[in-house]
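Q: Working from the sequences, and respecting the hints, build out all of it.
Chains as they are written, first to last, in this note's numbering: chain E, 1 to 382; chain V, 1 to 385; chain L, 1 to 176.
By construction, these hints were calculated from the structure, which means they are not laboratory data.
Ideal Cβ positions, reconstructed from N, Cα and C, are used throughout, including at glycine.
Careful: at least some of the hints might be erroneous.
Unchecked claim - If you want the ones that stay clear, here's a sample from chain L, every Cβ over 12 Å from chain E, calculated:
hint, residue
1, 2
2, 33
3, 87
4, 131
5, 157
6, 173
Said to hold, decoys possible - With a cut-off of at most 27 Å between alpha-carbon atoms, the simulated DSS-like pairs for lysine-lysine come out as follows:
hint, chain 1, residue 1, chain 2, residue 2
7, L, 153, L, 176
8, L, 107, V, 160
9, E, 44, L, 60
10, V, 31, L, 6
This is what each chain is made of:
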Amino acid sequence: MSKRVAIVGIGTTGFRATTPDVSYRELTYEAATKAYLEAGIEPKDVDAFVATSEDFLEGYSIADEYCPDQLGAVLKPIYSITGDVIHSLASAYMMILSGIGNIMVVQGLSKASNMLTLSDMVTFAMDPIYNRPLKESPHAVAGMEMARYMYETGTTREQIAKVVVKNKRNALTNDLAAHGVLIDLDYVLNSEVVSYPLTQMDISPHSDGAVVMVLAEEETAKALSKKPIWIRGIGWCSDTPGLETRNWGEAIYAQMAADMAYKMAGIRYPRKEINFAEINDEFSYKELQHLEAMRICKKGEAGPLTEIGGTEIGGEFPVNPSGGCLGVGNLFELNGGHTVLEVVRQLRGETGKNQLKNVTTGLAQSWRGVPTTTGTVAILSN
Amino acid sequence: MRRVAIVGAGMTKFYRNAQETSKELAYEATKMALDSCEMKLSDIDCVTIGSAPDAFDGVHMKGEYLSDGSGAFRKPVMRHFVGGGTGVLSPAHGWFMVASGMFDTCLVVAEEKMSCAYPHPAGAFITIFDHTTEQALYPTLIYIFAIEMNRFMTTHGYRKEDIALVAVKNKKNALDHPCAQLPGEVTVEDVLNSEIMAYPVNRLDISPTSDGAACMILAAEHVARRVTEKPIWLDGVGWCLDTAYWCTRDLYYPDYLEVAARQAYKMAGIKEPSKEIHIAEPYDPFTYKELHHIEGLLLAPRGKSVQMLVDGHFNRDGNLPCSPSGGLLGVGNPIAAAGLMKVIELYLQLKGTAGKRQVPGNPTCGVANAWGDLMQVGTVVVLRS
Amino acid sequence: MELTEKMVANSATKLSAEEILEGKVLSVKWEPKLKYAWDNGPAIGRYLAELKNGKIIGKKCDKCHRIMIPPRMFCELCWVPTGEWVYVKDTGIVNTWIIGHVDWKAKRLDIKGGVRPITLSIIEIDGASKGMGILHHLGEVDPWKIHRGMKVKAVWKPPEERTGSITDIKYFKPIK
Numbered sequence: 001m002s003k004r005v006a007i008v009g010i011g012t013t014g015f016r017a018t019t020p021d022v023s024y025r026e027l028t029y030e031a032a033t034k035a036y037l038e039a040g041i042e043p044k045d046v047d048a049f050v051a052t053s054e055d056f057l058e059g060y061s062i063a064d065e066y067c068p069d070q071l072g073a074v075l076k077p078i079y080s081i082t083g084d085v086i087h088s089l090a091s092a093y094m095m096i097l098s099g100i101g102n103i104m105v106v107q108g109l110s111k112a113s114n115m116l117t118l119s120d121m122v123t124f125a126m127d128p129i130y131n132r133p134l135k136e137s138p139h140a141v142a143g144m145e146m147a148r149y150m151y152e153t154g155t156t157r158e159q160i161a162k163v164v165v166k167n168k169r170n171a172l173t174n175d176l177a178a179h180g181v182l183i184d185l186d187y188v189l190n191s192e193v194v195s196y197p198l199t200q201m202d203i204s205p206h207s208d209g210a211v212v213m214v215l216a217e218e219e220t221a222k223a224l225s226k227k228p229i230w231i232r233g234i235g236w237c238s239d240t241p242g243l244e245t246r247n248w249g250e251a252i253y254a255q256m257a258a259d260m261a262y263k264m265a266g267i268r269y270p271r272k273e274i275n276f277a278e279i280n281d282e283f284s285y286k287e288l289q290h291l292e293a294m295r296i297c298k299k300g301e302a303g304p305l306t307e308i309g310g311t312e313i314g315g316e317f318p319v320n321p322s323g324g325c326l327g328v329g330n331l332f333e334l335n336g337g338h339t340v341l342e343v344v345r346q347l348r349g350e351t352g353k354n355q356l357k358n359v360t361t362g363l364a365q366s367w368r369g370v371p372t373t374t375g376t377v378a379i380l381s382n
Numbered sequence: 001m002r003r004v005a006i007v008g009a010g011m012t013k014f015y016r017n018a019q020e021t022s023k024e025l026a027y028e029a030t031k032m033a034l035d036s037c038e039m040k041l042s043d044i045d046c047v048t049i050g051s052a053p054d055a056f057d058g059v060h061m062k063g064e065y066l067s068d069g070s071g072a073f074r075k076p077v078m079r080h081f082v083g084g085g086t087g088v089l090s091p092a093h094g095w096f097m098v099a100s101g102m103f104d105t106c107l108v109v110a111e112e113k114m115s116c117a118y119p120h121p122a123g124a125f126i127t128i129f130d131h132t133t134e135q136a137l138y139p140t141l142i143y144i145f146a147i148e149m150n151r152f153m154t155t156h157g158y159r160k161e162d163i164a165l166v167a168v169k170n171k172k173n174a175l176d177h178p179c180a181q182l183p184g185e186v187t188v189e190d191v192l193n194s195e196i197m198a199y200p201v202n203r204l205d206i207s208p209t210s211d212g213a214a215c216m217i218l219a220a221e222h223v224a225r226r227v228t229e230k231p232i233w234l235d236g237v238g239w240c241l242d243t244a245y246w247c248t249r250d251l252y253y254p255d256y257l258e259v260a261a262r263q264a265y266k267m268a269g270i271k272e273p274s275k276e277i278h279i280a281e282p283y284d285p286f287t288y289k290e291l292h293h294i295e296g297l298l299l300a301p302r303g304k305s306v307q308m309l310v311d312g313h314f315n316r317d318g319n320l321p322c323s324p325s326g327g328l329l330g331v332g333n334p335i336a337a338a339g340l341m342k343v344i345e346l347y348l349q350l351k352g353t354a355g356k357r358q359v360p361g362n363p364t365c366g367v368a369n370a371w372g373d374l375m376q377v378g379t380v381v382v383l384r385s
Numbered sequence: 001m002e003l004t005e006k007m008v009a010n011s012a013t014k015l016s017a018e019e020i021l022e023g024k025v026l027s028v029k030w031e032p033k034l035k036y037a038w039d040n041g042p043a044i045g046r047y048l049a050e051l052k053n054g055k056i057i058g059k060k061c062d063k064c065h066r067i068m069i070p071p072r073m074f075c076e077l078c079w080v081p082t083g084e085w086v087y088v089k090d091t092g093i094v095n096t097w098i099i100g101h102v103d104w105k106a107k108r109l110d111i112k113g114g115v116r117p118i119t120l121s122i123i124e125i126d127g128a129s130k131g132m133g134i135l136h137h138l139g140e141v142d143p144w145k146i147h148r149g150m151k152v153k154a155v156w157k158p159p160e161e162r163t164g165s166i167t168d169i170k171y172f173k174p175i176k
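A: Printed below as a string of structure tokens:
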């Protein structure tokens, strides 16, 4: 690609289990104001906006209609992506490359606490004819996948539990996180079984919050920001939506999305050329499965690496220093927005006690949750 | 900017109830589009899916559900939406994907299966309104469009019997469209005497609810030249949303559409749209909307579109043929697919392969638009041969 | 390519209403259980509380000086936080309206049997900036005599029946 694009401003409300004091409008307005302030722009300077919304999560049909006001996008070019925030980021990135504008804004929001029947909502995403009549809980899908992953890779229950312990502890020292807690392996291993081998502690609790980012083309980016964070690679992919035909042991979608992003970034040895990663860990085992799919670990090696502390903040390849979904909360559509936010903060050296040393390149990854096989990856450098 | 062309298109028949699932409809349209330009799925680099509310098809995360039917298995795919305006945003989104240089070919798939919502898809529309200040009043889409039509009429002094000519024209044009759901010879009297849904809207002022899918293949110039002898260029795209506080806008004029149209015209280098554009597919889910949009697209002065309609200006053989396809009123309205159907019609017309629907005079420049949400979205594309 | 009858012949299969209603084609039914409890935030929260008091409240933008209803914490046009709360009147004029013969589920109303058509309207509220309308029903009026610019006033529910909802106003009725 001839043009380079950077994130020049990013704003967030932080993430809480509930946000009863504000509506989705004020929540987004706060994140947008912070992002614009950081980038030193006003909404009128923006060429186009990309919002991220998914109808049943927002509780509106065609939820895109409620996106312009709180972004300052009234009578401006704006549309919604019904996907992950990294999809929206890719969409805005392509708009800049296409030459249609120089400054783009990407928005993501979670008001998951307002959705009272989250489990039924996820079931509603299953195939209406083949799967829904079986009335299985969405956690059954995760449980099946976890069992197959463990069988294929030899990963142990203890190694997976270590992910929970690590991420929830990382969240304790992350000011933006909602679900930090200090627990040990036994606590995780003895927690209530939801869908064997998946237990209650393997499932990330939900959170509310908003993230807004400002992207700019190289010349503009350098003028606007002293610390532009460059988008070096971006990728996204959907494997089959069918439960019957998917590859249950491996996250093919993450592999293909990562390969696309690596190719763009010119990365051949991800473990060496990338310093750390924020990865989707909506269910604990997903962190390990995603690490392997993206060739950061070989198949079956993510568990052992985690066991010896290799993915901790001081480890060889830190994973989810923010606390991930397990520690910050499952943000649904916003999950990718959170991983990008944390990579940006790390690369700028703004994460306080969780700050990694000497990091120059980070990977943000997301997955759209059960029952999808959709994954996204962004590679960022300072 | 890289130039992007349309090289193939396909669409299903539109029906009130189709037996096919959403996925299967998407597959049929996609397969037809690939066949139309003799391409294979392996020639396709990426996919963009346009589909409006999940509530119609009755699947949460509808984009994921549709993905394999849309040829997106293990490909980079994303779904975008702006309510009813989605179908015309879809080629615009495909345009970015190809114009960015990241991909050379893109499948643009639009699908809607409204019949899944039971007993009537209208019930799903209540969830588009503000949950606190509006839903408690039980509004629905027909009401708010009637509200807009009334404002449009009372501002310009338009008469219902004149606006009804849009239904007469479009349903007649649709007689020649092989996918049409509600083609027919109707008279102004038929429209005026049809059942009142919500004054000033009668039954024949409204497009039907439909099931259907449409697909279009976009390619970068170097690929397009190889695939087809006559690529049709996507030269302008524009889109815009107005505020969600729709009761505070003066509904008589679509500002959002004018902003979107100016963006698309600027990109396409069009300075005098009413002279440079030969053919239009303005979005016509309701009769008045075609006129409202003709004014917003700057193809008629404000308050003058009805006279031009009465004078036959917008007929298939008029100075500016509008909705030669038969539009949503005649062909049907599976939301996103209907918008893309309009762009496909321009593609066929500019290529000179619209068969019985072909407008005379070898048109070389056309514009299509779509509209939706809380009457606040304008999406526009400009095509050239 | 010309889109021909032959080309689209097998693209979709038409089902008749009978085939569906009489179960000749099998189908799967699913009623989604989707429940929400929305956080309204300070602006709409106060709006609802004031409706319970029998008052309509707006908020003013100190930059463009618009008095906006429903109230909002920021001005979507000026991109600044809004300023003071302003009570507006419970009267206004009809901006535009409809006479609905179907309900929100598209079910026909028995108009000939005496059911009153639904008269939904946008009402520009007095005291708010020009063009600031809210959606509400009209009552105590012959639907066919409603006109643009008609002056109307809110008819409130008795205080003990109000719940802090837009329906605390029953409807708007014409006044001289």
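Q: State for each hint whether it applies.
A: Against the structure, the hints:
No Cβ of chain E approaches the Cβ of residue 2(L) within 12 Å, the least distance being about 31 Å, so the stated non-interface status holds. The Cβ of residue 33(L) sits about 4 Å from the closest Cβ of chain E, inside the 12 Å cut-off, so the non-interface label is violated. Residue-level check passed: residue 87(L) sits 22 Å from the nearest beta carbon of chain E, beyond 12 Å. Against the 12 Å criterion, residue 131(L) stays outside the reach of chain E, whose nearest CB is about 14 Å from its own CB.
Against chain E, the non-interface label of residue 157(L) holds: every CB pair exceeds 12 Å, the least being about 25 Å. Against chain E, the non-interface label of residue 173(L) holds: every CB pair exceeds 12 Å, the least being about 31 Å. Taking the CA atoms of residue 153(L) and residue 176(L), the gap is about 10 Å. The hint holds against a cut of 27 Å. Of the pairs offered as hints, the one joining residue 107(L) and residue 160(V) holds, with about 24 Å between alpha carbons and a cut-off of 27 Å not exceeded.
Between the alpha carbons of residue 44(E) and residue 60(L) the distance comes to roughly 21 Å, so the proposed pair stays at or under 27 Å and holds. For the given pair, residue 31(V) sits about 15 Å from residue 6(L) by alpha-carbon distance, which is consistent with the 27 Å threshold.
In this structure, only the earlier hint numbered 2 is contradicted, and the remaining ones agree with it.
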